[in-house]
Amino acid sequence: MSWWRPSHVGYAVRSKLADLGMGARLFVRLVGLFGTAMRRFGLVRDQVHFLGNYSLSIIAMSGLFVGFVLALQGYNVLQLYGSANSLGLVVTLGLVRELGPVVTALLFAGRAGTSLTAEIGLMRAGEQLSAMEMMAVDPVQRILAPRFWGGVIAMPLLAAVFSAVGVIGGWLVGVVLIGVDGGAFWGQMQSSVDVWKDVGNGVVKSVVFGVAVTFIAVLQGYMAKPTPEGVSRATTRTVVMASLTVLGLDFVLTALMFSI
Amino acid sequence: MQHSKNDIWVGLFVLLGGAALVFLALQSANLLQLNFRSGYVITARFDNIGGLKPKAAVRSAGVVVGRVQSISFDDKTYQARVALEIEKRYAFPKDSSLKILTSGLLGDQYIGIEPGAEEDNLADGSMVTNTQSAVVLENLIGQFLYGKAEQGAAPAGGGGKK
Numbered sequence: 120m121s122w123w124r125p126s127h128v129g130y131a132v133r134s135k136l137a138d139l140g141m142g143a144r145l146f147v148r149l150v151g152l153f154g155t156a157m158r159r160f161g162l163v164r165d166q167v168h169f170l171g172n173y174s175l176s177i178i179a180m181s182g183l184f185v186g187f188v189l190a191l192q193g194y195n196v197l198q199l200y201g202s203a204n205s206l207g208l209v210v211t212l213g214l215v216r217e218l219g220p221v222v223t224a225l226l227f228a229g230r231a232g233t234s235l236t237a238e239i240g241l242m243r244a245g246e247q248l249s250a251m252e253m254m255a256v257d258p259v260q261r262i263l264a265p266r267f268w269g270g271v272i273a274m275p276l277l278a279a280v281f282s283a284v285g286v287i288g289g290w291l292v293g294v295v296l297i298g299v300d301g302g303a304f305w306g307q308m309q310s311s312v313d314v315w316k317d318v319g320n321g322v323v324k325s326v327v328f329g330v331a332v333t334f335i336a337v338l339q340g341y342m343a344k345p346t347p348e349g350v351s352r353a354t355t356r357t358v359v360m361a362s363l364t365v366l367g368l369d370f371v372l373t374a375l376m377f378s379i
Numbered sequence: 007m008q009h010s011k012n013d014i015w016v017g018l019f020v021l022l023g024g025a026a027l028v029f030l031a032l033q034s035a036n037l038l039q040l041n042f043r044s045g046y047v048i049t050a051r052f053d054n055i056g057g058l059k060p061k062a063a064v065r066s067a068g069v070v071v072g073r074v075q076s077i078s079f080d081d082k083t084y085q086a087r088v089a090l091e092i093e094k095r096y097a098f099p100k101d102s103s104l105k106i107l108t109s110g111l112l113g114d115q116y117i118g119i120e121p122g123a124e125e126d127n128l129a130d131g132s133m134v135t136n137t138q139s140a141v142v143l144e145n146l147i148g149q150f151l152y153g154k155a156e157q158g159a160a161p162a163g164g165g166g167k168k
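Quick mapping for you: the protein sequence lines, in order, are chains A and B.
Every position in the first sequence, counted from 1, becomes a number in my numbering once 119 is added.
Every position in the second sequence, counted from 1, becomes a number in my numbering once 6 is added.
Just so you know, the hints here were simulated from the structure itself, not pulled from any lab data.
Please read all numbers here as calculations on a predicted model, not as lab measurements.
Be aware that one or more of the hints could be misleading.
Stated by the list, open to error - Per label pair, the in silico range of CB-to-CB distance:
#1 V295(A) <-> N127(B): 41 to 49 Å
#2 S310(A) <-> D80(B): 24 to 32 Å
#3 F153(A) <-> N127(B): 49 to 57 Å
#4 E93(B) <-> K316(A): 18 to 26 Å
#5 R158(A) <-> A89(B): 45 to 53 Å
#6 N127(B) <-> Q198(A): 40 to 48 Å
#7 P121(B) <-> V150(A): 57 to 65 Å
#8 F377(A) <-> S44(B): 52 to 60 Å
#9 Q198(A) <-> V142(B): 50 to 58 Å
Here a beta-carbon is modelled for each residue, glycine too, at the ideal position from N, C-alpha and C.
Kindly produce the complete structure, drawing on both the sequences and the hints.
As structure tokens, then:
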């Protein structure tokens with residue numbers, strides 16, 4: 120056992136710092152490539168199609184069921200206090216502020232992040248990225264940037280769809296199934312949900328999560344060891360790191376946005 | 007730029023996302039009504055606001071006519087200064103009185119506005135002087151217990167005098 124030796128500690132710290140620096144530089148490059156990516160919008164469009172459209176069904180189904188469950192649970196607790204009329208408010212605030220962005224980001228990491236990591240990691244393993252560099256094509260610009268920006272565009276749209284479908288799901292269970300007064304359901308919601316404070320902050324959250332999840336997926340793919348095992352490890356790491364990052368960021372963002 | 011068959015699906019996806027946002031903004035947060043809800047601001051001083059919060063409703067005869075805009079502490083009079091935004095279409099006489107009330111036993115606190123009889127109406131920036139503070143449950147219980155103790159002590163005291 121020699122992990123405590125100064126040389127090992129030094130090596131571990133140095134390689135961690137190097138990874139961090141690589142990641143930060145790649146992030147700055149990807150953000151800087153926004154204009155370039157938008158100029159060749161065809162590439163970004165194909166990624167939005169791949170990451171967004173194909174995730175739509177899982178996001179919409181999850182949103183619907185989360186809305187159902189929120190309405191059922193919310194109704195059970197609220198009717199104890201005789202305030203079942205604020206069910207719409209509870210469901211909407213829960214979805215728009217927290218569950219919409221967070222659950223969408225977690226699903227997005229599982230559905231789209233993994234495929235990004237695996238695709239880029241396999242390109243690395245198959246030396247396609249090296250081949251591009253040989254042909255003086257920058258892989259960061261040609262491969263990573265369109266994927267990154269495609270994910271950043273798709274994620275807030277998916278979160279909005281999730282929240283909207285969830286609200287409709289809550290309405291279906293609350294009003295149609297249980298029989299809460301429909302006017303009170305929408306009225307209480309409309310009097311207390313604020314466009315900028317609640318809906319707007321939810322959108323800000325989903326943009327931040329989109330950047331975080333897509334960047335982690337792209338980075339893990341790019342840094343993956345060029346072996347089958349390396350790619351599989353990178354894919355696993357994408358899900359673990361993206362999920363933890365989303366949950367951690369969510370706490371920080373909530374503390375910043377909703378504490379007085 | 008050449009077109010591809012993905013164009014239409016990506017377009018539909020983006021439109022769907024936009025529609026979801028618009029739905030959330032209009033249906034849940036009622037953006038349109040918020041924009042029209044502009045009104046005049048009146049201020050009032052209360053000895054104790056209890057649990058009143060900004061954005062609480064201002065009601066007259068049970069109908070919401072405005073919202074509490076801000077609450078601050080005035081260290082000259084040691085009172086709470088509450089700014090209320092009343093909707094433009096409602097006018098109240100100058101001598102209207104304000105009360106802090108509670109909806110239900112454990113519900114939120116709101117401000118009830120009771121119209122007075124004067125002909126001039128409250129305008130932007132006017133000050134309402136006739137206010138009644140929130141009922142603080144602890145004070146109420148304290149008074150009740152004190153009253154009970156007085157009642158209990160009175161006959162005993164009377165007996166002592168005899």
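Legend entry - Range hint 49 to 57 Å (beta carbons of F153(A) and N127(B)) holds or violated: 55 Å, holds
Inset, instruction - Given the hint of 50 to 58 Å, check if Q198(A) and V142(B) actually sit that far apart at their C-beta atoms. - result: At 29 Å between Cβs, range violated.
Legend entry - Range hint compliance [Cβ, N127(B) to Q198(A), 40 to 48 Å]: For N127(B) and Q198(A) the Cβ distance comes to about 42 Å; the hint holds.
Inset, instruction - Evaluate the given range 41 to 49 Å for the C-beta pair formed by V295(A) and N127(B). - result: Check passed, 45 Å falls within 41 to 49 Å.
Inset, instruction - Given the range 45 to 53 Å, decide if the beta-carbon distance of R158(A) to A89(B) lies inside it. - result: 50 Å, holds
Legend entry - Hint check for K316(A) and E93(B) - Cβ pair distance inside 18 to 26 Å: Roughly 20 Å apart at Cβ, these two residues keep to the hinted range, so it holds.
Inset, instruction - Please test the hint of 24 to 32 Å on the beta carbon pair from S310(A) and D80(B). - result: 29 Å Cβ-Cβ, so the 24 to 32 Å window holds.
Inset, instruction - Evaluate the given range 57 to 65 Å for the C-beta pair formed by P121(B) and V150(A). - result: 58 Å, holds
Legend entry - Distance restraint hint 52 to 60 Å, applied to the beta-carbon atoms of F377(A) and S44(B): 26 Å, violated
The earlier numbered hints that this structure contradicts are 8, 9.
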